[in-house]
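*Asks:* Please build the complete structure, drawing on both the sequences and the hints.
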Amino acid sequence: MIPAPFDYARPASLDEALDLLAGADPSIRVLAGGQSLIPLMKLRLARPERLVDVGRIDELRGIRDRPDGGMSIGALTTWAALLDDPRIRRYGMLADALPQIGDVQVRNRGTIGGSLAHADPTSDIAAPALALDLELVARSAARGQRVIAATKFFTGPFTTALEPDEILTEVRIPPGDAAAGSAYAALPQLASGYPIAGVAVVLFRSPSSPAAPAAPAAPAAPGAYSRCLVGVTGVGDHPYRAVEVERAVVAGASFSDAAQEIATAQRVAADIHADREYRAAMAVVMARRALDAALARLG
Amino acid sequence: MARIGIRLTVNGEPVELEVEPRRLLVDVLRDDLDLTGTKVGCDTSSCGTCTVHLDGSAVKSCTVLAVQADGATVRTVENLASDDAENLHPLQAAFVEHHGLQCGFCTPGMLMTALDLVERNPDPDDGEIRHAIHGNLCRCTGYQSIVTSIREGARTMRGEQPRTWTEARAAEAPGLARKR
Numbered sequence: 087m088i089p090a091p092f093d094y095a096r097p098a099s100l101d102e103a104l105d106l107l108a109g110a111d112p113s114i115r116v117l118a119g120g121q122s123l124i125p126l127m128k129l130r131l132a133r134p135e136r137l138v139d140v141g142r143i144d145e146l147r148g149i150r151d152r153p154d155g156g157m158s159i160g161a162l163t164t165w166a167a168l169l170d171d172p173r174i175r176r177y178g179m180l181a182d183a184l185p186q187i188g189d190v191q192v193r194n195r196g197t198i199g200g201s202l203a204h205a206d207p208t209s210d211i212a213a214p215a216l217a218l219d220l221e222l223v224a225r226s227a228a229r230g231q232r233v234i235a236a237t238k239f240f241t242g243p244f245t246t247a248l249e250p251d252e253i254l255t256e257v258r259i260p261p262g263d264a265a266a267g268s269a270y271a272a273l274p275q276l277a278s279g280y281p282i283a284g285v286a287v288v289l290f291r292s293p294s295s296p297a298a299p300a301a302p303a304a305p306a307a308p309g310a311y312s313r314c315l316v317g318v319t320g321v322g323d324h325p326y327r328a329v330e331v332e333r334a335v336v337a338g339a340s341f342s343d344a345a346q347e348i349a350t351a352q353r354v355a356a357d358i359h360a361d362r363e364y365r366a367a368m369a370v371v372m373a374r375r376a377l378d379a380a381l382a383r384l385g
Numbered sequence: 656m657a658r659i660g661i662r663l664t665v666n667g668e669p670v671e672l673e674v675e676p677r678r679l680l681v682d683v684l685r686d687d688l689d690l691t692g693t694k695v696g697c698d699t700s701s702c703g704t705c706t707v708h709l710d711g712s713a714v715k716s717c718t719v720l721a722v723q724a725d726g727a728t729v730r731t732v733e734n735l736a737s738d739d740a741e742n743l744h745p746l747q748a749a750f751v752e753h754h755g756l757q758c759g760f761c762t763p764g765m766l767m768t769a770l771d772l773v774e775r776n777p778d779p780d781d782g783e784i785r786h787a788i789h790g791n792l793c794r795c796t797g798y799q800s801i802v803t804s805i806r807e808g809a810r811t812m813r814g815e816q817p818r819t820w821t822e823a824r825a826a827e828a829p830g831l832a833r834k835r
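Protein chains in written order, with the working numbering: chain A, 87 to 385; chain B, 656 to 835.
Read the hints as simulated data drawn from the structure, not as lab findings.
Keep in mind that a hint or two might mislead.
[As the list claims (entries may be wrong)] Cβ-Cβ distance ranges computed for the label pairs, FRET-style:
1. Arg-794/B / Asp-154/A: 50 to 56 Å
2. Gly-660/B / Arg-353/A: 36 to 42 Å
3. Thr-664/B / Pro-91/A: 26 to 32 Å
4. Thr-699/B / Asp-361/A: 23 to 29 Å
5. Ala-108/A / Gly-660/B: 24 to 30 Å
6. Asp-170/A / Asp-780/B: 15 to 21 Å
7. Arg-232/A / Arg-662/B: 35 to 41 Å
8. Pro-817/B / Val-329/A: 54 to 60 Å
9. Arg-362/A / Thr-699/B: 25 to 31 Å
10. Arg-229/A / Asp-778/B: 21 to 27 Å
[Said to hold, decoys possible] Examples of chain B residues toward chain A, derived with CB under 10 Å:
11. Arg-678
12. Asp-682
13. Leu-690
14. Thr-706
15. Ser-712
16. Thr-718
17. Asp-725
18. Gly-764
19. His-786
The beta-carbon is built from N, C-alpha and C at its ideal position, and this holds for glycine as well.
*Replies:* This is the structure in structure tokens:
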């Protein structure tokens, strides 16, 4: 399969790349690692007239500690580079999710920024992106830099808050909390590896109530958890935060009861691999597993 | 459509080419450079038989534009055996000895993915091998003999004496007996 013809530009700097996008021409696409875009172009589901290949812009690559205690990940950082970095693997849900993304070859080439901007509604990384409250940094020639909260970023299937003249340059993980535990649980569709349902959870223990419940199934006393963040992928038409589960956990519901709320506000997707009822049931199971695993890692 | 000049180092040799931007690395390797050891299987980045090393990392060459590889070093399966087919790479020799192939179509990709693994992790266990070849499909073997071949090839690459199929089976037997 051969993509439709296109013009190709490979700017050497971010500013040069932003200038190429300045006309906000929707027939121009940004190419990073190409692991999502090239397959779409081969199937001719995407037919950009011009590609701006940002793959050589080194300023967009790399993982740095931020002064506030958080992390900054350049948009061009590959999955393989993230998996190799012990600072990234500290985040339990990322240690869970990263090895499930694609395969070795795809992780060697695919980038976190490219994947987020592609916004596949079944992307594994979307659930941790939401549950970690990532900040997505976008730049344009006209308006400079702006920061988009993960919750405002995914707006529909393969659709994001990025404007056509913007490039996603950086992903920021807010400062971690030593008292937080996190996990990602997903049921992969066996042929593609994409999740039928994937749930990422961050659980913060309330400082005033350090005792964990005796068993995960038992209801915690209200106030045991000061904060709970739940990101869901593969279930709705785009990745979302399951605020109903978050509220139930903080209010002291048992994890099994809280998990029932995982898709209550969603129109659950159906396809040949999973109808609505099955996908919704699996989302509940994954929510429960992610909550249990996050609790087990709670410091 | 305008062609673009690119330079590659393929299996140690510098190459200059003019390519349409839409051409895939695998097609340039096979059609322009006659390196047909690298196969096109699914052409949808699922099967992995098009795997080559790009600047030292395994990638699926059906999902890389040739223009993206401009300036890069490419290593293909042809580069594994030194000089001639009598002088197989330890991984290739292990695939022969341990029945790591039947039809052989997935083998170029299996070998290049296995090499990527062993270069990073010289002593992988079977679980690590299976995780590493997740992106390589074989429709003949059921994978067990591929896993054995990679494990045994990695042994040879660590400088240990190559084992025959019978010796490897004998070494595995206690484990197999325990499982039963």
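*Asks:* So which hints don't hold here, by number, going up?
*Replies:* The structure breaks hints 2, 10, 13; every other hint is satisfied.
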